[in-house]
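Undergrad: As you go down the protein sequences, you meet chains F and E in turn.
Residue 64 in the numbering used here sits at position 64 of the first sequence, and the numbers go up by one each step.
Residue 90 in the numbering used here sits at position 90 of the second sequence, and the numbers go up by one each step.
Treat the hints as calculated values from the structure; they're not laboratory data.
Do not rely on the hints blindly, as some may be mistaken.
List of simulated lysine to any residue pairs, SDA-like, C-alpha gap at most 20 angstroms [unchecked claim]:
1) Lys143/E x Tyr204/F
2) Lys240/F x Lys152/E
3) Lys54/F x Phe86/F
4) Lys203/E x Phe98/F
5) Lys240/F x Arg199/E
6) Lys158/F x Arg274/E
7) Lys143/E x Ala93/F
8) Lys250/F x Lys203/E
9) Lys205/E x Lys250/F
10) Lys104/F x Gly195/E
11) Lys248/F x Gly195/E
12) Lys152/E x Lys54/F
13) Lys143/E x Phe76/F
14) Lys110/F x Val280/E
15) Lys143/E x Asn198/F
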Amino acid sequence: MLNKFFKKTKYITVSQRNLNNIHEDLDTKPSIPNGMWVKCDGCGKVIYKNDLEKNNKVCQYCSHHFRMNAKERIDFIADQDSFCQFDENMTSANPIGFEGYEDKISNMQKKTNLKEAVITGKGTIGGESAVICVMDSNFMMGSMGSVVGEKITRAVEKAIELKMPLIIFTASGGARMQEGIFSLMQMAKISGAISRLNEAGILYISVLTDPTTGGVTASFAMLGDIILAEPRALVGFAGKRVIEQTIKQKLPEGFQSAEFLLQHGFVDSIVSRENLKSTLKKILYIHNRNR
Amino acid sequence: MEKLEKVQEIFSKKFKSKNAWDRVTLARMIERPTSLDYINRIFDSFMELHGDRYFNDDSSVVGGIGLLNGEPVTIVAHQKGRNTQENIKRNFGMPEPDGYRKGLRLMKQADKFDRPIICLVDTPGAFCGMEAEERGQGEAIAKNLMEMFNLKVPIISIVIGEGGSGGALAFAVADSVWMLENSIYSVLTPEGFAGILWRDASKAKEAAEVMKITAQDLEKYGIIDKILKEPTGGAQKDVDKMSCTIKEALIEKIGILRKRSKEELLQQRYDKFRRMGRFVE
Numbered sequence: 001m002l003n004k005f006f007k008k009t010k011y012i013t014v015s016q017r018n019l020n021n022i023h024e025d026l027d028t029k030p031s032i033p034n035g036m037w038v039k040c041d042g043c044g045k046v047i048y049k050n051d052l053e054k055n056n057k058v059c060q061y062c063s064h065h066f067r068m069n070a071k072e073r074i075d076f077i078a079d080q081d082s083f084c085q086f087d088e089n090m091t092s093a094n095p096i097g098f099e100g101y102e103d104k105i106s107n108m109q110k111k112t113n114l115k116e117a118v119i120t121g122k123g124t125i126g127g128e129s130a131v132i133c134v135m136d137s138n139f140m141m142g143s144m145g146s147v148v149g150e151k152i153t154r155a156v157e158k159a160i161e162l163k164m165p166l167i168i169f170t171a172s173g174g175a176r177m178q179e180g181i182f183s184l185m186q187m188a189k190i191s192g193a194i195s196r197l198n199e200a201g202i203l204y205i206s207v208l209t210d211p212t213t214g215g216v217t218a219s220f221a222m223l224g225d226i227i228l229a230e231p232r233a234l235v236g237f238a239g240k241r242v243i244e245q246t247i248k249q250k251l252p253e254g255f256q257s258a259e260f261l262l263q264h265g266f267v268d269s270i271v272s273r274e275n276l277k278s279t280l281k282k283i284l285y286i287h288n289r290n291r
Numbered sequence: 001m002e003k004l005e006k007v008q009e010i011f012s013k014k015f016k017s018k019n020a021w022d023r024v025t026l027a028r029m030i031e032r033p034t035s036l037d038y039i040n041r042i043f044d045s046f047m048e049l050h051g052d053r054y055f056n057d058d059s060s061v062v063g064g065i066g067l068l069n070g071e072p073v074t075i076v077a078h079q080k081g082r083n084t085q086e087n088i089k090r091n092f093g094m095p096e097p098d099g100y101r102k103g104l105r106l107m108k109q110a111d112k113f114d115r116p117i118i119c120l121v122d123t124p125g126a127f128c129g130m131e132a133e134e135r136g137q138g139e140a141i142a143k144n145l146m147e148m149f150n151l152k153v154p155i156i157s158i159v160i161g162e163g164g165s166g167g168a169l170a171f172a173v174a175d176s177v178w179m180l181e182n183s184i185y186s187v188l189t190p191e192g193f194a195g196i197l198w199r200d201a202s203k204a205k206e207a208a209e210v211m212k213i214t215a216q217d218l219e220k221y222g223i224i225d226k227i228l229k230e231p232t233g234g235a236q237k238d239v240d241k242m243s244c245t246i247k248e249a250l251i252e253k254i255g256i257l258r259k260r261s262k263e264e265l266l267q268q269r270y271d272k273f274r275r276m277g278r279f280v281e
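Between the sequences and the hints, there should be enough to build the whole structure, so can you do that?
TA: Dropping the structure here:
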């Protein structure tokens with residue numbers, strides 16, 4: 001009698017499909033081409049690329065922020081048709097005569113459709129004008145050589161001339177080795193321009209994006225009046241492996257993340273991508289002495 | 001007498017034909033004179049000043065005040081150890097953020113009292129440690145790079161040994177940047193360079209040639225302003241003579257820099273770094 005309560009009444013239904021004809025079935029299904037799906041580095045879920053783009057390249061499941069290239073970032077942050085590029089045609093020379101450097105640059109240009117690792121220019125964000133620089137980690141890891149140094153320095157000088165705030169989105173593996181000491185000097189060069197910007201009382205917002213490391217962290221990235229960071233962005237000076245080898249210890253979870261920097265007092269705020277444009281607009285508005 | 005001169009000529013010719021790796025070896029050898037060796041010979045009444053006023057006193061950076069030929073100056077220097085024990089105490093001349101902040105504090109003090117600043121640069125690089133990251137190694141270096149452009153006093157930086165990347169540059173934003181003949185100054189160590197670009201850190205010798213890190217290379221590129229000749233065989237052969245060479249050059253250059261107005265001084269310092277870089281438009 002009691003058995004009635006424990007008797008299974010629902011069973012797994014087995015499809016009526018004929019397994020022998022499985023190949024036929026697959027052919028009639030609509031096929032989604034390869035490259036239309038992306039795996040999230042945060043949660044491992046597979047996301048349809050279109051959905052990812054619609055969500056500003058942020059995973060809808062775990063909010064992992066995918067990297068944005070320079071063009072995507074400018075389209076996302078600047079008002080439509082407001083962005084006007086500076087120094088579009090500047091390209092790298094080979095200052096220390098490093099073998100194969102010119103070819104590498106050519107290949108990168110073809111691969112990324114960029115001339116170099118940073119796009120600079122001016123535009124408006126929610127109607128507020130600003131000089132905007134965006135680095136792109138797809139171009140030689142966003143490494144900083146003479147062109148990145150010169151373009152950013154000129155952008156800073158332009159901000160001083162136009163009395164416009166400056167926003168730099170950082171993304172870099174550090175100094176570009178192929179330009180040797182010339183790359184190192186770009187750290188000083190840009191910092192010098194920023195010191196002048198400060199003297200002129202002009203706002204500089206740096207937005208740390210994943211990854212921001214090496215000579216970029218040790219120069220302009222950490223000199224913003226206001227320093228914002230994207231969630232879980234990798235931001236640090238030395239490489240994780242180098243540190244582990246030096247101190248012979250495993251590093252804690254979350255080391256060199258934006259959250260780690262916030263905890264240790266080095267960023268003003270972590271801003272998720274959906275709030276980034278409005279946050280920048282707010283900061284620009286508060287600093288706008290012309291209103 | 002003639003014979004002696006001829007022998008000296010042959011010796012110096014032999015040493016002139018040093019390759020990049022020879023210089024790396026000389027720059028790094030334990031016998032190479034360190035900052036304190038020069039400080040104690042060049043400056044009178046040197047008093048070391050300690051601490052960054054926030055957290056720590058970093059032993060890899062020595063700073064203080066003294067007299068150069070009667071004129072008050074501030075000295076900021078990387079300090080390596082002269083033996084293994086001392087190296088451990090000095091962290092092999094690799095500063096934490098506290099070292100850069102101590103240096104900046106002393107440089108700003110020099111600005112307040114209108115004292116020229118002399119920086120002696122000798123570091124394998126900024127220390128790559130966990131606490132260093134926690135206390136903002138990047139921010140400390142960046143701050144120095146920016147603030148040094150605002151100091152209204154003459155600044156001379158001399159790379160006396162190794163100029164290890166950003167960790168060196170943080171004390172090398174100067175009106176005049178010099179290197180001792182056998183010093184090196186680079187964006188990365190040859191070992192690091194070989195490891196990253198060729199995946200073989202043992203190719204450091206080749207890397208040293210390719211990277212262009214010697215004083216001779218850097219003077220050619222206009223990155224440094226002067227090379228100070230070392231005694232035959234290296235500075236360690238005659239520290240007194242090397243100190244004299246440095247002292248004379250410092251007195252002369254500070255005299256010249258003192259003649260510039262503060263505006264001219266800052267403008268020329270800005271222009272110096274502004275010019276660095278090669279690109280195509």
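Undergrad: Look at each hint and say if it fits the structure.
TA: Do the hints match the structure? See the list:
Distance restraint check for lysine 143/E and tyrosine 204/F: the Cα-Cα separation of roughly 14 angstroms lies within the 20 angstroms cut-off, and the hinted pair is therefore satisfied. Distance hint between lysine 240/F and lysine 152/E is unfulfilled; the C-alpha atoms sit about 38 angstroms from each other, more than 20 angstroms. Between lysine 54/F and phenylalanine 86/F the CA atoms are separated by roughly 29 angstroms; this puts the pair beyond 20 angstroms, and the hint is violated. This hinted pair checks out: lysine 203/E and phenylalanine 98/F have alpha carbons roughly 16 angstroms apart, not beyond 20 angstroms.
Straight-line distance between C-alpha atoms of lysine 240/F and arginine 199/E comes to about 17 angstroms, which keeps the hinted pair within the 20 angstroms bound. About 14 angstroms separates the Cα atoms of lysine 158/F and arginine 274/E, which keeps this hinted pair within 20 angstroms; it holds. Simply put, lysine 143/E and alanine 93/F have alpha-carbon atoms about 29 angstroms apart, too far for the 20 angstroms limit, and the pair is violated. A distance of roughly 28 angstroms separates the Cα atoms of lysine 250/F and lysine 203/E; the hinted pair therefore is violated under the 20 angstroms criterion.
With a C-alpha separation of about 31 angstroms, the suggested pair lysine 205/E and lysine 250/F falls outside the 20 angstroms cut-off, and the hint is violated. The straight-line distance between the Cα atoms of lysine 104/F and glycine 195/E is roughly 18 angstroms, inside the 20 angstroms bound, and the hint therefore holds. Only pairs whose Cα atoms come within 20 angstroms are accepted, and lysine 248/F paired with glycine 195/E is accepted, the gap being roughly 19 angstroms. Proposed proximity of lysine 152/E and lysine 54/F is contradicted: the alpha carbons are some 52 angstroms apart, above 20 angstroms.
With a C-alpha separation of about 31 angstroms, the suggested pair lysine 143/E and phenylalanine 76/F falls outside the 20 angstroms cut-off, and the hint is violated. The straight-line distance between the Cα atoms of lysine 110/F and valine 280/E is roughly 17 angstroms, inside the 20 angstroms bound, and the hint therefore holds. Restraint check: the Cα-Cα separation between lysine 143/E and asparagine 198/F comes to about 12 angstroms, which is no more than 20 angstroms; the hinted pair holds.
The structure shown violates the earlier hints numbered 2, 3, 7, 8, 9, 12 and 13.
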